[in-house]
Amino acid sequence: MSALFDILASAGLWAAVLRIATPLILATLGALISERAGVLNLGIEGIMTFGAMLGWLAVYNGADLWVGLLVAALGGAMFGLLHSVLTVTLGLSQHVSGLGVTLFASSFAYYVFRLMVPVAGTPPTIEPFQPLDIPVLSDLSFFGPAFFTQTAPTYLAIGLAIALAYLIARTPIGLTIRMTGENPHAAEAQGLNPMAIRYGAVIFGSAMMGVGGAFLTLSAFNSFFPTMVQGRGWICIALVVFASWKPERALLGAILFALFDAFQLRLQTVLSGVVPYQIFLMIPYLLSIAALAVMARRARVPQALMQPYRRGER
Amino acid sequence: MTDTVLDIRNVSKRFGDNLANDDISLSLAKGEIVALLGENGAGKTTLMSILFGHYVPDTGSVSVMGQMLPPGKPRAAIRAGVGMVHQHFSLAPNLTVLENVMTGTESLWSLGSNVSAGRKKLLDISQRFGLKVDPDARLGDLSVGEQQRVEILKALYNDARILVLDEPTAVLTKLEAETLFSTLKDMARQGLSLIFISHKLDEVMATADRIVVLRGGRQVAERKVGDTSKAELAELMVGRKVTRPVREASTPGEIVLEAAGITVRSGGVDRLKSVDFRLRAGEVLGIIGVSGNGQAVLAQLLSGTIGRSAGDLVLFGKGVGDLTVADAVSSGIGRIPEDRNRDGAIGEMAIWENAVLERLPEFSKAGLVDRKAGIAFATRIIEGFDVRGGTPTSRIRLLSGGNMQKLILGRNLIEHPKILLAAQPARGLDEGAVAAVHERILEARKAGTAVLLISEDLDEVMALADRIQAIVGGRLSPSVNAEDVDAQRLGLMMAGEWGGASDAV
Chain A
22 MSALFDILAS AGLWAAVLRI ATPLILATLG ALISERAGVL NLGIEGIMTF
72 GAMLGWLAVY NGADLWVGLL VAALGGAMFG LLHSVLTVTL GLSQHVSGLG
122 VTLFASSFAY YVFRLMVPVA GTPPTIEPFQ PLDIPVLSDL SFFGPAFFTQ
172 TAPTYLAIGL AIALAYLIAR TPIGLTIRMT GENPHAAEAQ GLNPMAIRYG
222 AVIFGSAMMG VGGAFLTLSA FNSFFPTMVQ GRGWICIALV VFASWKPERA
272 LLGAILFALF DAFQLRLQTV LSGVVPYQIF LMIPYLLSIA ALAVMARRAR
322 VPQALMQPYR RGER
Chain B
95 MTDTVLDIRN VSKRFGDNLA NDDISLSLAK GEIVALLGEN GAGKTTLMSI
145 LFGHYVPDTG SVSVMGQMLP PGKPRAAIRA GVGMVHQHFS LAPNLTVLEN
195 VMTGTESLWS LGSNVSAGRK KLLDISQRFG LKVDPDARLG DLSVGEQQRV
245 EILKALYNDA RILVLDEPTA VLTKLEAETL FSTLKDMARQ GLSLIFISHK
295 LDEVMATADR IVVLRGGRQV AERKVGDTSK AELAELMVGR KVTRPVREAS
345 TPGEIVLEAA GITVRSGGVD RLKSVDFRLR AGEVLGIIGV SGNGQAVLAQ
395 LLSGTIGRSA GDLVLFGKGV GDLTVADAVS SGIGRIPEDR NRDGAIGEMA
445 IWENAVLERL PEFSKAGLVD RKAGIAFATR IIEGFDVRGG TPTSRIRLLS
495 GGNMQKLILG RNLIEHPKIL LAAQPARGLD EGAVAAVHER ILEARKAGTA
545 VLLISEDLDE VMALADRIQA IVGGRLSPSV NAEDVDAQRL GLMMAGEWGG
595 ASDAV
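As you go down the protein sequences, you meet chains A and B in turn.
When you line the first sequence up against the working numbering, it's residues 22 to 335, in that order.
When you line the second sequence up against the working numbering, it's residues 95 to 599, in that order.
Bear in mind the hints are in silico, worked out from the structure with no lab data behind them.
Everything numeric in this text was worked out from a predicted model, so none of it was measured.
For glycine and all other residues, C-beta sits at the position ideal for the given N, C-alpha and C.
One should not assume that every hint holds.
To give a feel for the contact side, a few chain A residues facing chain B, derived at Cβ under 7 angstroms [what the hints assert, rightly or not]:
(1) N204
(2) Q211
(3) L213
(4) A217
Simulated coverage check for chain B against chain A, where a stretch passes if three residues somewhere in it have a Cβ under 8 angstroms from a Cβ of chain A [stated by the list, open to error]:
(5) 184 to 193
(6) 201 to 207
Given these sequences and hints, build the entire structure.
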């Protein structure tokens with residue numbers, strides 16, 4: 022037991038939690054805003070991979086790290102546009118289109134990567150984001166190293182979660198997005214354009230997914246390899262449900278999942294040799310399923326989620 | 095006229111081969127209520143959709159307060175003061191009342207929303223027109239009547255001076271409908287102008303100042319309410335004289351269904367409380383009551399979709415345990431569900447598939463569906479029951495309400511069921527379809543079918559039923575002979591005043 026406590030009491034664990042949570046926060050918010058407008062975006066896994074590649078590639082070719090994030094956002098937005106054309110304009114199945122985008126974007130990412138970067142024994146690296154030194158806060162004992170030694174994109178992600186929570190709950194555009202996800206016909210009856218709202222939400226959401234992916238190559242690691250997203254996108258889709266489509270709860274959910282993950286990583290070293298490490302790898306996913314079952318049962322699904330909107334047809 | 099607020103001029107609209115609106119002109123004065131009367135498919139909704147900018151007319155124009163509206167722009171119509179209350183509400187159940195009302199009323203790019211101003215405005219309007227509402231209630235928790243109130247408030251919140259209501263009573267109970275019409279009259283007195291679309295003669299006569307009749311896309315008549323009668327309007331609307339069928343005297347046969355002391359408990363509430371009734375072959379037993387008093391539960395019980403908690407059910411002289419849907423079908427209970435779109439048909443499936451669904455084993459060969467036999471069966475129903483607007487292979491969703499109901503009726507009656515359970519069979523149907531449905535029910539009665547008619551329409555029950563029982567709060571009154579009661583007495587029974595009534599057999 023004391024071993025478990027020691028893990029929880031280490032500042033290193035909590036620093037890792039925020040680091041692991043960052044890409045999840047960004048991509049979950051992206052999926053969430055798109056679903057709030059009524060469009061499921063299963064392109065998430067591929068868009069994250071593409072964002073990770075494109076952001077890294079930009080920096081590898083001499084761009085600033087922030088420009089790298091921006092490029093990743095644009096890359097994500099491009100696939101968001103593709104998904105919008107397929108699901109909003111053409112009204113195709115959102116599942117199928119999303120899976121198609123994932124397969125295409127992942128393969129395309131690898132293709133571009135191979136085209137631009139010659140095969141090498143060790144993957145080439147870049148100089149990633151460095152931890153931000155915040156006066157006073159970073160120097161606190163325990164809290165300093167636990168919470169205030171992150172890189173800038175982590176703080177950006179947390180700030181975005183709070184901003185989006187406000188946007189969705191309190192602003193006219195947030196209400197419009199919610200109405201579009203609940204009943205696009207009602208939005209149209211109020212003189213709004215549900216198609217445009219859906220395009221906007223999907224493209225913006227995909228840009229966030231791209232940034233979430235780029236965090237992996239520009240901050241968490243310093244190189245790109247094609248399998249690095251490792252199912253994080255799918256976790257984000259589950260986190261949206263876990264969060265009941267609320268950004269503030271998405272933030273919480275991402276941190277909780279990251280806690281499970283960071284915890285099991287440390288548990289592996291403590292109990293190595295006793296229990297096969299693969300068991301620990303499963304823990305965060307099992308706990309996620311359990312949490313999902315408990316938390317999401319009373320969630321209010323956006324009523325028009327996955328339903329194509331066609332003008333004048335009910 | 096100086097106080098003309100709306101002027102629709104020479105509007106025509108064609109969908110493919112179908113001329114939905116043919117050169118229609120209509121004007122509306124301040125404080126006036128105009129009823130747009132017509133059967134389903136007469137072009138009423140098309141005309142109003144043009145007014146509201148959902149459709150672009152092929153020719154013609156719409157002016158509001160002397161200003162021409164740009165065609166196909168809902169936003170411009172809203173700005174000009176046109177408010178639309180749709181038949182299928184344009185509301186979001188997961189949002190609050192206030193959120194539903196405020197959507198689209200503020201600039202999209204402002205960084206905050208003035209919720210307190212919105213709430214005040216909503217409450218002011220609600221006070222002014224006597225439309226009580228809780229701004230923070232979740233819309234999905236409200237009754238249908240309250241949801242409609244929100245839909246009206248939404249239009250008023252947008253400063254509508256012309257209010258268009260598309261079949262506003264189609265989804266309301268009788269009581270809610272009466273409340274609605276007194277509200278509408280009050281609005282007109284306060285200077286609003288209203289158009290309401292309807293095919294119900296009673297409400298048109300009771301509420302409108304002026305009536306415009308559409309038939310087959312053309313404007314066939316315009317009458318002041320004082321200068322016309324229900325009979326004339328019915329004829330104008332349908333294009334021929336329509337008479338509802340009359341019930342002939344008959345002698346009922348043996349008892350086919352008997353319920354004694356049946357109680358249904360669900361969610362901790364007794365939905366039916368010790369209910370007794372007897373149903374004989376060749377008679378119609380009318381169960382009358384205001385919606386929500388347990389008639390839905392009674393229908394579900396006899397259809398086999400819910401079980402009972404206590405009491406005995408005797409079917410053809412034999413006691414039954416838990417009645418399942420399969421039992422109900424195989425023992426010859428035909429069912430016309432109250433909500434035909436939800437429980438009676440699968441919209442995206444073909445007419446023939448809908449026709450054979452509940453007796454699939456009869457239409458199977460070697461484990462495969464016998465498509466040919468199914469289509470033949472559907473063709474028999476379509477021909478025998480005068481179902482118009484579809485072929486056996488077209489989707490049932492495309493049928494009008496009346497034709498879908500005729501198909502459901504036909505699906506049940508073509509095999510001569512021993513019992514027919516008809517829940518609100520004429521709800522939402524136009525005059526011609528009502529007459530057709532009633533005629534079929536009376537034919538079935540004559541052929542010896544025992545009919546249990548559940549309805550909240552006094553005229554319907556008095557026209558069709560031999561005996562009548564009222565349902566109030568899950569309790570069933572003793573039965574009375576239809577000959578012995580008038581509308582007033584039935585009204586009292588529906589209110590729960592049935593003391594002294596003896597059980598007619």
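Here's how the hints hold up against the structure:
With a least beta-carbon distance of about 4 angstroms to chain B, the hint placing N204 (chain A) at the interface is held under the 7 angstroms criterion. About 3 angstroms separates the beta-carbon of Q211 (chain A) from the nearest beta-carbon of chain B, less than 7 angstroms, and the hint is met. For L213 (chain A), the interface hint holds, the least distance from its beta-carbon to any beta-carbon of chain B being 5 angstroms, beneath 7 angstroms. With its C-beta approaching chain B no nearer than about 10 angstroms, A217 (chain A) sits outside the 7 angstroms limit, and its interface hint is violated.
Requiring three or more residues with a Cβ within less than 8 angstroms of a Cβ of chain A, the coverage given for the region 184 to 193 of chain B holds, as 7 such residues are present. For a cut-off of 8 angstroms, the count of residues in the region 201 to 207 of chain B with a CB near a CB of chain A stands at 7, and the three-residue condition holds.
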